[in-house]
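Protein chains: 4
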Amino acid sequence: MTYNIAILGASGYTGAELIRLIAGHSSIEIKALGAFSKAGQAVAQVYPHLRHLDLPPMVAFDQIDWTGIDLCFCALPHKTSQEVISGLPRDLRIVDLSADFRLRDPEAYQKWYGNPHAAVEMQGEAVYGLTEFYRDEIAGARLVAGTGCNAATGQFALRPLIEAGVIDLDDIILDLKAAVSGAGRALKENLLHAELSEGYHAYATGGSHRHLGEFDQEFSKVAGREVRIQFQPHLIPANRGILGTAYVKAEAQAVLDTLASAYQDEPFIEVLPMGEVPSTRHVRGSNYCHIGVAADRLPGRTVVVAALDNLTKGSSGQALQNANLMLGINEVEGLMMAPLFP
Amino acid sequence: MTYNIAILGASGYTGAELIRLIAGHSSIEIKALGAFSKAGQAVAQVYPHLRHLDLPPMVAFDQIDWTGIDLCFCALPHKTSQEVISGLPRDLRIVDLSADFRLRDPEAYQKWYGNPHAAVEMQGEAVYGLTEFYRDEIAGARLVAGTGCNAATGQFALRPLIEAGVIDLDDIILDLKAAVSGAGRALKENLLHAELSEGYHAYATGGSHRHLGEFDQEFSKVAGREVRIQFQPHLIPANRGILGTAYVKAEAQAVLDTLASAYQDEPFIEVLPMGEVPSTRHVRGSNYCHIGVAADRLPGRTVVVAALDNLTKGSSGQALQNANLMLGINEVEGLMMAPLFP
Amino acid sequence: MTYNIAILGASGYTGAELIRLIAGHSSIEIKALGAFSKAGQAVAQVYPHLRHLDLPPMVAFDQIDWTGIDLCFCALPHKTSQEVISGLPRDLRIVDLSADFRLRDPEAYQKWYGNPHAAVEMQGEAVYGLTEFYRDEIAGARLVAGTGCNAATGQFALRPLIEAGVIDLDDIILDLKAAVSGAGRALKENLLHAELSEGYHAYATGGSHRHLGEFDQEFSKVAGREVRIQFQPHLIPANRGILGTAYVKAEAQAVLDTLASAYQDEPFIEVLPMGEVPSTRHVRGSNYCHIGVAADRLPGRTVVVAALDNLTKGSSGQALQNANLMLGINEVEGLMMAPLFP
Amino acid sequence: MTYNIAILGASGYTGAELIRLIAGHSSIEIKALGAFSKAGQAVAQVYPHLRHLDLPPMVAFDQIDWTGIDLCFCALPHKTSQEVISGLPRDLRIVDLSADFRLRDPEAYQKWYGNPHAAVEMQGEAVYGLTEFYRDEIAGARLVAGTGCNAATGQFALRPLIEAGVIDLDDIILDLKAAVSGAGRALKENLLHAELSEGYHAYATGGSHRHLGEFDQEFSKVAGREVRIQFQPHLIPANRGILGTAYVKAEAQAVLDTLASAYQDEPFIEVLPMGEVPSTRHVRGSNYCHIGVAADRLPGRTVVVAALDNLTKGSSGQALQNANLMLGINEVEGLMMAPLFP
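Same order as they appear, the protein sequences are chains A, B, C and D.
Residue numbers for the first sequence follow my numbering, so the first one is 1 and each next one is one higher.
Residue numbers for the second sequence follow my numbering, so the first one is 1 and each next one is one higher.
Residue numbers for the third sequence follow my numbering, so the first one is 1 and each next one is one higher.
Residue numbers for the fourth sequence follow my numbering, so the first one is 1 and each next one is one higher.
Honestly, the hints are just simulated from the structure, not real lab data.
Keep in mind the model is a prediction, meaning the values are calculated, not measured.
Worth double-checking, as some hints may not be accurate.
Stated by the list, open to error - Straight-line C-alpha distance at most 16 Å; calculated EDC-like pairs for lysine to aspartate or glutamate: (1) C:249 x B:171; (2) B:38 x D:189; (3) A:38 x C:189; (4) A:38 x A:70; (5) D:249 x A:170; (6) B:249 x C:107; (7) B:221 x B:163; (8) B:249 x B:163; (9) C:188 x A:189; (10) D:249 x A:171; (11) B:188 x D:189; (12) D:188 x B:170; (13) B:38 x B:62; (14) A:79 x A:121; (15) C:249 x C:163; (16) C:249 x B:170; (17) C:111 x C:216; (18) B:221 x B:170; (19) C:79 x C:107; (20) A:221 x A:170; (21) D:38 x B:189; (22) C:38 x A:70; (23) B:249 x C:265; (24) D:31 x D:62; (25) A:188 x C:163; (26) A:249 x D:189; (27) A:111 x A:216; (28) A:249 x D:170; (29) D:31 x D:54; (30) A:79 x A:107; (31) A:31 x A:65; (32) B:79 x B:54.
Next up, chain A with everything else stripped away, as it sits in the complex:
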């Protein structure tokens, strides 16, 4: 059986990544591609690397005929996403890649994103899209909210540890190194090659990164108490990849055992042997997440390092994995490609 899908926001990096992945999917077909400023263009104009594919042209959203479309991916900016999704057919399954439906609490949404939520009732209905921890809910959901790419990385490293209570919940630091495609195709000076290449730096200092809203919500939920981590991201001169280095207070062996146990049946999460640490180069272009654990020389201190590709496992790969679940397809379909190295 073949399912028909649409992608709204097809001209951004996550949209392009969705097309790349779905092009290799055996039972999903792209029926419509919606775009704003690039509506009216062929995919080959916007993304010449996809020119060999037989795809529908990019059209304005109101030109899409939703008849026969089983699922819609929304790869739109936050705020726009909730407005657009509110107007979609009520029986359409939706995987949203924006931040709009990640937070359960409308006040938390307003605090982190600065605007009141315009679709509060849908916010309540949405399922948080961290596949490995919401698999059953996702399978039955109409609307799934894809996680932040940094939020996914940090949760893969820390969530089982917080849930199991093997680490000190009041002293968790996550130092994250993010490649530039996570910032999207935005035209900003600090994303220019001449500025970023050979230059790296911290950003969103002081606990101001919006993905903290997700950490607060999810970590507090699994801990059964309020958990607030310290989170400092850095921008790195690379195109794809997130490397999260978590500093926790715990015995390394307990940390490794907890992670290995949590992920032992997961198709995409690889927990490395004690002392080995992952590299972004080893997950690029794939849906895999590698996690390593090392004991520090200081007793009771442990480092957990997680690596994934922000556009794949951190965003569009996760979205497809969730769509597979929602459509009753094998969860790994279209996602088993090996990383691209070098």
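Guided by the hints, dock chains B, C and D onto chain A, whose structure is given.
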């Protein structure tokens, strides 16, 4: 039906790329991986990005049991390759990725590679592996010699033009820009990140690049006369990609028409509309080759630009495409993945 | 004696490079910095790398008091530059880094830049700023027009050869590889790190690059006849650097001798021994240009390769060298820093 | 007055950086360049970017005539350094860039470097070369031990805070991001462009990095008690730069005030306004170190970020600064060049 294959030289970049591609192939299974210095190691040690795959360990060549193996990929250095291949079972199909069997003429081999050929009789038997132009011979061959990655790029841009005689055969210049993985995993100062990043330069000046042996052989063959092009390669700070800029004396429309016609049924060669030129970013990680044509302001002068991924279409992708043909599998199987962008 | 200068357009890359160079100059002091959108900001805000310098704030142009200012650098976009320069004091010496005064012929200007020239009389007065070939005129000039960075590279490689007549004037090809800072601090998709890194391509195909206007003017002038070269630039994933590969029909020894003789007394032009070729990594951040010559295997064909830093020798370093001449300072003052490697 | 110096180990990156800096020094002249494997070569062969300089050839160490040489820079690997330095004239001033004389305690040396120290008496005599904190001792020293580049970065961020006791001494984490030139010109797979570009990762996990020996020694000294920090370095795809992110438990304002006060008269240390953070791109090629402070959302937690160029302020720039002090030259001579951006 499933075919069993072995890879000799599995620890180099082309070996790793073969594993990546075959991991997504529906009817080929990897039965043996042979290596030199890394024999005895697990694939996950040598290539952590492949750790999720269930692969045999890397072993010394003499430990491989050839029973039941249908085809062997040899991703060894030249000279080593001919020695190893001479000792393989006579009924084993072989795709060699080295330079050892590309040149028909033993004297040409000695001239370009500096040593006498040690398996001259096999040299005569080998079929040149440029799939698009030797498809039938490859399908029936026992030994196929993969082309040089630069040689493939230049031939995709120029071969139909030379064969059709639409360009001046005595004045062809190929200025080529090669990414660094084409140099292999060799430990050389000029391949270090600190030297190459932010630094680019010409190399193999004066017509000394060994892939000229292939150009001379193939272009003269299709022209029916001796053809000698001027070929100047440059090393570029990127990991994957070859961009070949060919300067030819011809009318651009005739050039475009000839190329479009030659490649109209090819699954992996995309000829762009007049005036559009390709970028390496649009073919990365894929088996596609993009070719663009532009008329210069000077009458009778035309630029042809071809882009491909040196490790895929330029090497391991070509090798798998040829193996598919030799095994009677659909030629494109395992090779239809879209490029990775960004 | 100390000279006072102003920089208009201080917030672009060439403006920042001027400040960097002048900060190390013994007898030039920066008295005013003019900017458009960034007027009102401190230099440390716009360019944190210059925060240790004691510099005037960036102000709107009309707030600059020209009293006591000896020379003004204009690092503005073309068209804006001619408008602004028309309004400057008549006795102010000016080094313009834009394209506005490079072309002698108003029609040529309009052809290449698309708009009629608004200061034709000043266009006639301006001296072309290729220091090595216009040294005396520059020393006496009021207005010097800095060259295009690609135009400088190509002329360093070719101009003495054309003037001496040692190469075939009807068959000159210049294949150029330009790093991204040459495109300025413009916010364009193809200048984003995610697009450019790991991606390179030809641009301005068909002889449409504006620096051809300079080649046509200068090469025809020194040849005493019309000379039209074929020029194809490429964008390379690096921040600084231009590598120009010129394909000429001549004997290599005559080419090398002519270049060595032409540049023997030049402080910044290094002609390499026969067969050695330059790399952009060896000139980065400096005012040096390295030129190499190699004979091709095809008789009568020679490759000339020139490398320089587009922001230094290709633009702001040239501008300072010219300003030194105009002010009667030692030409090399402030420009003798060694390249930054790695 | 002009001082004569020699450089041993001139063919590595720190040696080349010393030559670059000294080339712009008004009163130091390079009299001898000593090398191992590259002895007998001209500088232009080993480092073409220095070809314009009039330098002595690289010679074997025993061919250097020490008469009239005032100071020697040793840019050799550790262990080799102590052997070579033991044999140098007793009255020669020496700036050693290796790790051999950084640690006061021979047992600590053996613990971190694996071999017993072969020149224990000189180890006692050596002054630790962190200029800003050992200025007077350095001025009078015969042997100065240059610091580790990571050790310098961490100390610039943390040392005044530890000395003043404004942070919790038992909970200091330093997450460091190092560019690749810090690893030297070593031929290792993980330093290849194809491996490092687009790949980044933690290394020396578990508190195993040798620079911890320096942190332990120096931080304990200024604290008057044992201090052990947690230190995790990461390798980043860039050529120059170190970014250290320190997580401390303290009020941000007290942290900023302490740092601003400690460095208020320092010519090369720039403490940024509250909330601003540095970037490696803003110190590249210079002797400056930028330090920023930001309060986290969690009360009592603060992030301190320091950026410097590992080859300049982290190594050869520091060495020259120390040599200036030892020779009685103005400390900043030859070191005031602005950073290279972009």
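task: Tell me, in ascending order, the numbers of any earlier hints that this structure violates.
output: 4, 6, 12, 22, 23, 25, 26 and 32
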